[in-house]
Amino acid sequence: MLNKLAFAGVKSRLKDYVVLFFGLIMSSAIFYMFESLATNKAFIKANAQQITGANFIFLFGAILLTIITLVYVFYANSFLMSMRRHDYGLFMMLGAKQSKIGQLILVETMAIGTIASVIGTIIGWGFTASVGPFLMSRMIGNKLQHFNAFYVPAIVTTIVLYLILFLIAGIINRLALTKTSVLQLLKGDSQPNRPVLKPVSQLLQVVVGVLLLMLGYYAMSHVEKFALSTIPIGLVTIVLGTYFLFNAIFVWLILLLKRSGWASLGLRNFTLSQLSFRLHNYTKILSVVSILIALSLGAITVGIGMQKQVTALSTASEAYTMAIKNPSRHTNHLIDKLTLDTKVTYQQKETSKIIYYRADQFKDRPLEFTGFQSPLNSKQKNRLASPTYQNLTSTQLTQHPEKLMALQPNAPQKPFRLVSRTTFNKLPVHAQRLTLFRVKNLQADKTDLKHIVTSMGNPAVDTVPGAYGTFVLATAMFGGLEFMGFFLGIAFLAMLASCLMFKILSGAATDKRRYEMLNKIGARPSRLRASIAREILVLFVLPAIVGVVHVLFGLLMFKVLMLNPYYQIWLPFTIFFVLYMIYYIITVRLYEHIVLPKLRIDN
Amino acid sequence: MTMTPVVSVRDLHKTYGKTGQKQYEALKGISFDVETDEFVGIMGASGSGKTTLLNILATLDAPTSGEVEINQQVLANLKGNQIADFRAKQVGFIFQDFNLLENLTNYENIALPLSLQNISRKKAQPEVQRIAKQLNIESLLEKYPTEISGGQKQRVAAARALVSHPAILFGDEPTGALDSNSARDLLEMLNTINHDQQVPILLVTHDPFSASYCQRILFIKDGKIGQEIKKGTHTRQQFYQAILDTLGTFD
Ligand SMILES: Nc1ncnc2c1ncn2[C@@H]1O[C@H](COP(=O)(O)OP(=O)(O)OP(=O)(O)O)[C@@H](O)[C@H]1O
Ligand SMILES: [Mg+2]
Chain S
1 MLNKLAFAGV
11 KSRLKDYVVL
21 FFGLIMSSAI
31 FYMFESLATN
41 KAFIKANAQQ
51 ITGANFIFLF
61 GAILLTIITL
71 VYVFYANSFL
81 MSMRRHDYGL
91 FMMLGAKQSK
101 IGQLILVETM
111 AIGTIASVIG
121 TIIGWGFTAS
131 VGPFLMSRMI
141 GNKLQHFNAF
151 YVPAIVTTIV
161 LYLILFLIAG
171 IINRLALTKT
181 SVLQLLKGDS
191 QPNRPVLKPV
201 SQLLQVVVGV
211 LLLMLGYYAM
221 SHVEKFALST
231 IPIGLVTIVL
241 GTYFLFNAIF
251 VWLILLLKRS
261 GWASLGLRNF
271 TLSQLSFRLH
281 NYTKILSVVS
291 ILIALSLGAI
301 TVGIGMQKQV
311 TALSTASEAY
321 TMAIKNPSRH
331 TNHLIDKLTL
341 DTKVTYQQKE
351 TSKIIYYRAD
361 QFKDRPLEFT
371 GFQSPLNSKQ
381 KNRLASPTYQ
391 NLTSTQLTQH
401 PEKLMALQPN
411 APQKPFRLVS
421 RTTFNKLPVH
431 AQRLTLFRVK
441 NLQADKTDLK
451 HIVTSMGNPA
461 VDTVPGAYGT
471 FVLATAMFGG
481 LEFMGFFLGI
491 AFLAMLASCL
501 MFKILSGAAT
511 DKRRYEMLNK
521 IGARPSRLRA
531 SIAREILVLF
541 VLPAIVGVVH
551 VLFGLLMFKV
561 LMLNPYYQIW
571 LPFTIFFVLY
581 MIYYIITVRL
591 YEHIVLPKLR
601 IDN
Chain H
1 MTMTPVVSVR
11 DLHKTYGKTG
21 QKQYEALKGI
31 SFDVETDEFV
41 GIMGASGSGK
51 TTLLNILATL
61 DAPTSGEVEI
71 NQQVLANLKG
81 NQIADFRAKQ
91 VGFIFQDFNL
101 LENLTNYENI
111 ALPLSLQNIS
121 RKKAQPEVQR
131 IAKQLNIESL
141 LEKYPTEISG
151 GQKQRVAAAR
161 ALVSHPAILF
171 GDEPTGALDS
181 NSARDLLEML
191 NTINHDQQVP
201 ILLVTHDPFS
211 ASYCQRILFI
221 KDGKIGQEIK
231 KGTHTRQQFY
241 QAILDTLGTF
251 D
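Residue numbers (the UniProt record's numbering), protein chains in the order written: chain S, 1 to 603; chain H, 1 to 251.
To be clear, the hints were calculated from the coordinates, so they are not data collected in a lab. Predicted model only: the values in this text are computed from it and were never measured. No residue lacks a Cβ here, since even glycine has one placed at the ideal position from N, Cα and C. Do not rely on the hints blindly, as some may be mistaken.
DSBU-like cross-link-like pairs, simulated, lysine-lysine; straight-line CA separation at most 30 Å [claimed, not checked]:
{"no.": "1", "chain 1": "S", "residue 1": "512", "chain 2": "H", "residue 2": "224"}
{"no.": "2", "chain 1": "S", "residue 1": "325", "chain 2": "H", "residue 2": "123"}
{"no.": "3", "chain 1": "H", "residue 1": "143", "chain 2": "H", "residue 2": "123"}
{"no.": "4", "chain 1": "H", "residue 1": "79", "chain 2": "S", "residue 2": "512"}
{"no.": "5", "chain 1": "S", "residue 1": "11", "chain 2": "S", "residue 2": "97"}
Which stretches of chain S does chain H cover? Using the computed rule of at least three CB atoms under 8 Å from a CB of chain H, they are [stated by the list, open to error]:
{"no.": "6", "region": "263 to 271"}
{"no.": "7", "region": "508 to 519"}
{"no.": "8", "region": "523 to 537"}
Hey, can you work out the whole structure from these sequences and the hints?
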C-alpha cells in the first residue's frame, strides 16, 4: 500500500524528479571526471615533471569541489524532501509509524543517491574518455601517455563520497521529519515572516558588512603583504560581509519598494511579499551563491587569462621564436612553411673562446629586440598583446651583447665579436649558420614548431633559444592551472545555479495554493507568469551582482601572478551569463509548471 | 415588476472527463435567474453539483453546454484576459477555507482586487477603509491572516470580495469553517450588505440556519434543480422550519 502511494507520488511529479536526477548525475559525473583526471597517476607524473606543486593545486581543487558538492547534495535533498513531504504526511495520517516513515526516507534518499552516483560515474567515465585526453593535451601541450579514463580510485572516491553525503542527507531528512507535525507536513510552512525594520541593528549590520567586505577586498588587493593568509582572510570576511549585507539590505529594500507607489499596481506587491516571505531562508543561500559565483567566475577568468598570458608573455620574451644552429635542409624547409614574420640567417665562426660574426650582415639585417624588460611596467603590459620589435644598431649590439648571446644554442654561452667580411673569411675555422625566425602566432603554429624541434633531433626544448622554449615551459606550468580554473569554474557555475534552482523549486509546492487563490480573485495568467518571472529574477540577479563585485575585487589577488587579471574578462562573464540564463529559464518553467493552476476556462 | 436579472442561467450542463475516458455529468440542465437585490441560497446533498455550478458562474470553469449571463455579459463570449478581468471586476467570491494570501497583510489582501485593476494606491485607500469600516475589521488591517480568528478571516475575505463593487457576490459555504456565533455575524453582515447596497448574493450552503437568511432557496439534486422555496413574508424562524421540512422530504 505504502509502496503504491509512494510510486503514485513520484509519477505525478516525474518532471521534477527528472531534473533532480539529471542534476545529481551531472554533479557526480563532473566529480568523477575531475577525480579521474586530477588524481590520475599518469597525469600527475606527466605534470609533475614540469610543475612542482601541481599536486597541491589539484588537491585544493578537489577540496573545493567536494565542498560545493556537499552544498549541492544538501539543496537537492531539500528539494526532494519538499516533493515528498506531502506524501509522508499522508502516510502518517493513514497510520504509518514515524519509524517506518523514517526508514522509508532513508531508503529513498540512499536509493536515489546510489542510482545517481553510479550512472553519473559511468557518464563521467564517458566524458573523461572522450574529451579528457584532448583537454589535457591542449592544456599541458603534450600528449599524455598511458592515460586511462577508467580509473578505479576515482570510481571508488566518487561513489563512496556520494553515498556518505546521501547517508548524511537521509539522516538529516529523517530528523527534520520527526520534528514536524503531520499537519505541517500536509500544509507546508505558512507562517509569514513579517518583515520588520530594526534600524539600529540593520544599520549596524550594514556597517559591519561593509567593513568586513572592505577588509576582505583590501587583503585581496594587497596580496603581496598578506601572502598565504589572503585566502582565509578573504573568504571569512567576504562570506560574513555578504551575509550581513544581504540580511540588512534585502529587508530594507523590499520594505522600501513595498511602500512605493510602484508596488501598488498589479501583482507587484504580491511579488515583493513572496520575496520577503522566506527571507531568512534566502539570505543564506544568496550569500553562498554570490560567493560561489565569484569563485567560479574568478576561476574561469584566471584560467583563460593564464592561457592568454602564456602566449603573450612568451611572444614578448624574445624577438625570435627559435634560434637554430646549422639547420638541415629539411628543417629549413619546415621553417619556410610556417607563417613567418621574419627570418634571418647569420654566418658565424666559433673558436674555443669566442664566436665571430660578420658585421656587414648585422648591418644589412640588424638583430631585432622586443624592448620588454622585466619587471614589466604597466605601459609595457598594455602593449603585450601586440608587441613591436626594434632594430639593434651595431653600437647597441656591442653595448648589449646579451641580446645576441641569449640566442646562441650552446651553453655555456661565449662572448662574440663582430668582424669585417674579409677578417671573417680569413679565420681558420669552418663557417656555421645561425638561423633566427619569428612566427606571427605562437599558439597557431605550435604543432609545426614542434615538428621543427623533432627535425633537429629532438633536443630538450629549453636548450632551444627563443620564445618557443619559454612558451612550452610556461604552457606546462600554467596548463594545470588553466585546466583547474576552467573545469572548476564551469562545474561550480552549474552546481551553484542548480542549488539556487532547487532552493527556489523547494518552495514551489507551498506556493501553489497562493497562485490558485490569485487565479480565483481574477489575476490574469500573464500577470501570474510575470510575477513568477520577476520573483525568480530577483533571486538570480541579486547574488549575481554581488558575486560580480566580489570577483572584480578578488581578481586583484592575481595581479602578482598575472600580467592583467582582467584581460578579456568579457569571455568568462559571457559564459557565466549564458549558463546562468539557461538555469534561470529552466527554473521559471519548472516553477510555473508546479504552481500555475490548471483550473481555467478552456476556450 | 420586471427587472433584468443580474445572473441568468439557461440549461447548464457540465460533464467531467474527456470524451473517451470515464465521464460524469455533474450538471444536467440547470436554469434560474438572480435579481439585482436578491439573496439566493443553493442547497443540496454532497456531490449534487453545487460547487461545480458556482465555479462555472464565477468563470473558474467552463460549462459543457448552456448559457450564463452575468450583468448582461454572456460568459462564453469572454476571451483570454477578459475572463480574469471579469472575475476581478464583476464577481466577488468567498470560500469555505477563506483563501487569504498569508504573505500579505489583511489590508493588502483586501486591496489586491483593486491593484489587479491597476487602481492607484491613493484611490484604493478610501475604498479599503470604507469596506473595512462596514465589516468592522478596521483594527485588523495591519495584521496578517495567520494572526486573526476564523470569523475575522472570513470578514476580511468578504471585504476583499466586495471592495471592487462586484455585480454579484458568490459564497461557497463561507460559514462552513466557522463556529455558530461567527457564522451568525457573517450572515447578518451579508444580509445588511445585500439589503443596504443592493448587492445580490448567491450562497451555497449545507446548513439550514445559514440558508434561512436567504430570500429564496434552490435545492439541487443529481445535477438538477429539484425544488425552490421562497421566504416571502415569513419570519426567519418560519423560513428555517420550512427549509428543514423541505430537506426532510427532499432526500
Ligand atoms: N474535476 C472533477 N472531475 C471529475 N468529477 C468531478 C470534478 N469535480 C467534481 N466532480 C464530481 O461532480 C460532482 C459534483 O461535485 P461538486 O463539487 O459540484 O459537489 P458539491 O455539491 O459541491 O458537493 P459538496 O457539498 O460535498 O461540496 C461530484 O460527484 C464530483 O465527484
Ligand atoms: Mg462543494
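Hint-by-hint comparison with the structure:
1. S:512 x H:224: 33 Å, violated
2. S:325 x H:123: 91 Å, violated
3. H:143 x H:123: 22 Å, holds
4. H:79 x S:512: 25 Å, holds
5. S:11 x S:97: Holds: residue 11 of chain S and residue 97 of chain S sit about 24 Å apart, inside 30 Å.
6. 263 to 271: holds (count 7)
7. 508 to 519: holds (count 4)
8. 523 to 537: Result for this restraint: holds, n = 5.
When held up to the earlier numbered hints, the structure conflicts with 1, 2 and fits the remainder.
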